[in-house]
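There are 2 protein chains.
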Amino acid sequence: MQFFDLDKTDVPKLKAALQADDEALKVILSEYHASEIAILFESIHQDDRQRIINLLDVEIASEVISEMHEEAHPEELLLKMHPDKRTEIVEELDYDDATDIISQLEEHEQKEILGDLSEDDASNIRQLLSYDEDTAGGLMNTEFIKINLNLTKKDAIDEIIRQSEEIEEFYTIFVVNDFNIFQGIVSLKDIIKAKGNAKITELVKADVAWVTPDTDQEEVAKLISQYNITSIPVLDEQMHLLGRVTFDDVIDVLEDENTEDILKISGVSEDEELSGNWVEAVKSRLPWLVINLATAFLASSVVRYFEPTLEKIAVLSAYMTIIAGMGGNAATQALAVTVRRISLYDLTDNQAYRTVLKEFTVGLINGAVTGLIVFIFALVFDANPMLGFVIFMAMTGNLVIAGVTGAGIPLILKRVGIDPAIASSIIITTFTDVFGFLLLLGMASKLLL
Amino acid sequence: MQFFDLDKTDVPKLKAALQADDEALKVILSEYHASEIAILFESIHQDDRQRIINLLDVEIASEVISEMHEEAHPEELLLKMHPDKRTEIVEELDYDDATDIISQLEEHEQKEILGDLSEDDASNIRQLLSYDEDTAGGLMNTEFIKINLNLTKKDAIDEIIRQSEEIEEFYTIFVVNDFNIFQGIVSLKDIIKAKGNAKITELVKADVAWVTPDTDQEEVAKLISQYNITSIPVLDEQMHLLGRVTFDDVIDVLEDENTEDILKISGVSEDEELSGNWVEAVKSRLPWLVINLATAFLASSVVRYFEPTLEKIAVLSAYMTIIAGMGGNAATQALAVTVRRISLYDLTDNQAYRTVLKEFTVGLINGAVTGLIVFIFALVFDANPMLGFVIFMAMTGNLVIAGVTGAGIPLILKRVGIDPAIASSIIITTFTDVFGFLLLLGMASKLLL
Numbered sequence: 001m002q003f004f005d006l007d008k009t010d011v012p013k014l015k016a017a018l019q020a021d022d023e024a025l026k027v028i029l030s031e032y033h034a035s036e037i038a039i040l041f042e043s044i045h046q047d048d049r050q051r052i053i054n055l056l057d058v059e060i061a062s063e064v065i066s067e068m069h070e071e072a073h074p075e076e077l078l079l080k081m082h083p084d085k086r087t088e089i090v091e092e093l094d095y096d097d098a099t100d101i102i103s104q105l106e107e108h109e110q111k112e113i114l115g116d117l118s119e120d121d122a123s124n125i126r127q128l129l130s131y132d133e134d135t136a137g138g139l140m141n142t143e144f145i146k147i148n149l150n151l152t153k154k155d156a157i158d159e160i161i162r163q164s165e166e167i168e169e170f171y172t173i174f175v176v177n178d179f180n181i182f183q184g185i186v187s188l189k190d191i192i193k194a195k196g197n198a199k200i201t202e203l204v205k206a207d208v209a210w211v212t213p214d215t216d217q218e219e220v221a222k223l224i225s226q227y228n229i230t231s232i233p234v235l236d237e238q239m240h241l242l243g244r245v246t247f248d249d250v251i252d253v254l255e256d257e258n259t260e261d262i263l264k265i266s267g268v269s270e271d272e273e274l275s276g277n278w279v280e281a282v283k284s285r286l287p288w289l290v291i292n293l294a295t296a297f298l299a300s301s302v303v304r305y306f307e308p309t310l311e312k313i314a315v316l317s318a319y320m321t322i323i324a325g326m327g328g329n330a331a332t333q334a335l336a337v338t339v340r341r342i343s344l345y346d347l348t349d350n351q352a353y354r355t356v357l358k359e360f361t362v363g364l365i366n367g368a369v370t371g372l373i374v375f376i377f378a379l380v381f382d383a384n385p386m387l388g389f390v391i392f393m394a395m396t397g398n399l400v401i402a403g404v405t406g407a408g409i410p411l412i413l414k415r416v417g418i419d420p421a422i423a424s425s426i427i428i429t430t431f432t433d434v435f436g437f438l439l440l441l442g443m444a445s446k447l448l449l
Numbered sequence: 001m002q003f004f005d006l007d008k009t010d011v012p013k014l015k016a017a018l019q020a021d022d023e024a025l026k027v028i029l030s031e032y033h034a035s036e037i038a039i040l041f042e043s044i045h046q047d048d049r050q051r052i053i054n055l056l057d058v059e060i061a062s063e064v065i066s067e068m069h070e071e072a073h074p075e076e077l078l079l080k081m082h083p084d085k086r087t088e089i090v091e092e093l094d095y096d097d098a099t100d101i102i103s104q105l106e107e108h109e110q111k112e113i114l115g116d117l118s119e120d121d122a123s124n125i126r127q128l129l130s131y132d133e134d135t136a137g138g139l140m141n142t143e144f145i146k147i148n149l150n151l152t153k154k155d156a157i158d159e160i161i162r163q164s165e166e167i168e169e170f171y172t173i174f175v176v177n178d179f180n181i182f183q184g185i186v187s188l189k190d191i192i193k194a195k196g197n198a199k200i201t202e203l204v205k206a207d208v209a210w211v212t213p214d215t216d217q218e219e220v221a222k223l224i225s226q227y228n229i230t231s232i233p234v235l236d237e238q239m240h241l242l243g244r245v246t247f248d249d250v251i252d253v254l255e256d257e258n259t260e261d262i263l264k265i266s267g268v269s270e271d272e273e274l275s276g277n278w279v280e281a282v283k284s285r286l287p288w289l290v291i292n293l294a295t296a297f298l299a300s301s302v303v304r305y306f307e308p309t310l311e312k313i314a315v316l317s318a319y320m321t322i323i324a325g326m327g328g329n330a331a332t333q334a335l336a337v338t339v340r341r342i343s344l345y346d347l348t349d350n351q352a353y354r355t356v357l358k359e360f361t362v363g364l365i366n367g368a369v370t371g372l373i374v375f376i377f378a379l380v381f382d383a384n385p386m387l388g389f390v391i392f393m394a395m396t397g398n399l400v401i402a403g404v405t406g407a408g409i410p411l412i413l414k415r416v417g418i419d420p421a422i423a424s425s426i427i428i429t430t431f432t433d434v435f436g437f438l439l440l441l442g443m444a445s446k447l448l449l
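Residue numbers (UniProt numbering), protein chains in the order written: chain A, 1 to 449; chain B, 1 to 449.
Keep in mind that a hint or two might mislead.
Since the list gives no way to pick one copy over another, a pair counts as held whenever it fits inside one copy or between any two copies.
Claimed, not checked - Derived BS3-like pairs (lysine-lysine); straight-line CA-CA distance at most 30 Å:
{"#": "1", "residue 1": "13", "residue 2": "222"}
{"#": "2", "residue 1": "15", "residue 2": "414"}
{"#": "3", "residue 1": "85", "residue 2": "111"}
{"#": "4", "residue 1": "85", "residue 2": "205"}
{"#": "5", "residue 1": "13", "residue 2": "26"}
{"#": "6", "residue 1": "85", "residue 2": "26"}
{"#": "7", "residue 1": "154", "residue 2": "189"}
FYI, nobody ran anything at the bench for these hints, they're computed from the structure.
In this text, all values refer to a predicted model and were calculated from it rather than measured experimentally.
Work the whole structure out from these sequences, hints included.
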């Protein structure tokens, strides 16, 4: 009995259940956890999702909606629902989840949904909608447990029990003073363990990490990961509590950020939805390919310049592709290691310098080894030691350039405040193409003609 | 007062402090949190780390060691420490952290350290060392709060307080029956809120996710992320509790897995340490470059085959590099989107089919648009419409191949149970090189000679 092990047969099972009438489907659905229904939603049609959501109780339906991936468009389900049920579901959602979903809608649709809510709920969500979604403000939940510093153990426990009627999940209790200024945190365990006459002021831990609403989400993730905390308070400039960001938000952020890194390094716009349609994909990738085309013209103009040489020694074309391809791949290797290192650690100037030096050495050795293989190949197949020498030198030189640019360019971008992942393989391979052709064809013109 | 905001001046400040004598350095260190010292360690010399660790109290030193990145080699600090202090530090560490660090040592060094520990500690760590580090067993902590199902509210609270003397951090309380069989979880909050005469059996939540020691770490991360839980129990086949994996372990796993994805897709061995030296980097990357060289020979043999054509129309060499380069980059785009999508979602056969179809369409459109630009270029600079037509067709064809292989190959690998990220850009670009050259030079031979 492995409880939640969603096995491969569940998707076909649920799909088959869609043939049943509403009553039977309801019974089948009751066997699934909301997270499971959310996963199953990814492989069924929007109309079927709508039917299922309409069949579920408000409580389960709101859980399913909050667990759905953004790409399955939970906001569309909300939009097409009966307004009364929709209002109930939105009221059931945590403010941060409701905000995430509502933020995907057009302004007039947002107004329609918010208009049906209580004034308190609507103004809370409106406030959250005003923060940039990549910041602590955009991630935070505005519901949390907050107690006064001067409470006694017994009163504090009563207060926590009272507040926890509304806030089901909490990991940390926030402490404020009489002026509502944040003072630190306390754990339920420490309160329980305290002596009967203890006051919260004796138990509070003041030395804790916190952020402001405009703190970047990557910074929030770093703090939560670094201090192994389940939630971090979000404070305004007067040190009033605005909300909390919890570890599960951070896990989602990490997954998103890493998708972005892989896409950007590969020359795909970070906004491309992984399961988007071809129109979105063309919009996201064509601009990069056009940039690549411009740089490719640059590289090909080097080849054009040496056309007379190529007319005389046509086999150089075959070696050209090898040198350029190897340079591109070596540069991508250096780039991937460096970009990832920059995103995990803050490098000092000295470390940055040593990184470039290391990549220089790696390029030199890998270039010499693979250059030697091609040299031997040229001896055997073209019986031309001088051609082999030219190729060996071009390969070694190009792999050194690959290492230095693959590591150096993202480090320079980081230093001047540009996202280093923008130094995608498209940009870096231009260098290795241009320099690879220059080295090979330039030397060939001097030494082989 | 942003408490833990490690600013850029801290590193130079601590480095300067290294000039001070031990007493002064101790005072300066006392102002820093263990996590901060661990970060600062990344940019100072091993000898200085050793000096600082030796100056710190056992409690802080063990925290610093557990927070250090694997790549800063905390195990070497332990090894070079006075054996008595080392034993105290290891005893202070959580078993899972101690195991992670000790596992980096040679077997005789492990024996030396374990020999100094109490029999209980040593056997716990020995047990953990036996699990694969990429599994729940390798991640789990063997210390947790466990109570009997039949306890009353009051006895349960007493028992939790007693056990929490040993286990500082806990998020979930595990419940077992009289036969020590896992029954579910309960939160401290629910116990506190329960009526005075309530028993744990009325409060326990049985419907929870759990894993076995050999569950893959990615699966563990998925469950914790999916169900938003702070910790997941690890059970043996008889449903006895072995340990728990907590959300902070999962955050580390996600960072590691994502580094691996980026490295593999770029043709770097997943074992390469980001801050490793050039020897490790050569070992990790040279094999991929040699594979790339073999595939590059394949592509260049196509060029060789068409040498007579290239001798007559040397300008084809210049266009060759454009077609190959564009194909490689378009393939990398399709690859990145598909690999990332596979790693986040389980795709059905139908979704896989539609993904390849989408990439076919994207390749067709992006190929036609960029092909048209090159066609115009060929008209203007080479005044040769037929050459332009050949290039247009080759570009379109190659970008279609790029899309279909970039998406199709990782999907096929996934289907047959091979890690899709192994379909690195090195493998995929071979296809676009070979087919790009075949299309361009083949059509040129037929139509332009």
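Quick rundown of the hints versus the structure:
When the C-alpha separation of residue 13 and residue 222 is checked against a cutoff of 30 Å, the pair qualifies only between copies, where the shortest distance is 22 Å, while the shortest distance within a copy is 41 Å. Within a single copy, residue 15 and residue 414 get their C-alpha atoms only as close as 48 Å, which misses the 30 Å cut-off; across copies the closest is 23 Å, which meets it. In this assembly of identical chains, residue 85 and residue 111 lie within 30 Å of each other by CA distance solely inside one copy; the values are 17 Å within and 64 Å between copies. In this homomeric assembly, residue 85 and residue 205 come within 30 Å of each other (Cα to Cα) only across copies, at 29 Å, whereas the closest approach inside a single copy is 43 Å.
For the homomeric pair residue 13 and residue 26, the shortest alpha-carbon distance inside one copy (14 Å) is at most 30 Å, but the shortest distance between copies (64 Å) is not. When the C-alpha separation of residue 85 and residue 26 is checked against a cutoff of 30 Å, the pair qualifies only within one copy, where the shortest distance is 17 Å, while the shortest distance between copies is 62 Å. Proximity of residue 154 and residue 189 under a CA criterion of 30 Å is satisfied in both settings, with 13 Å inside one chain copy and 14 Å between copies.
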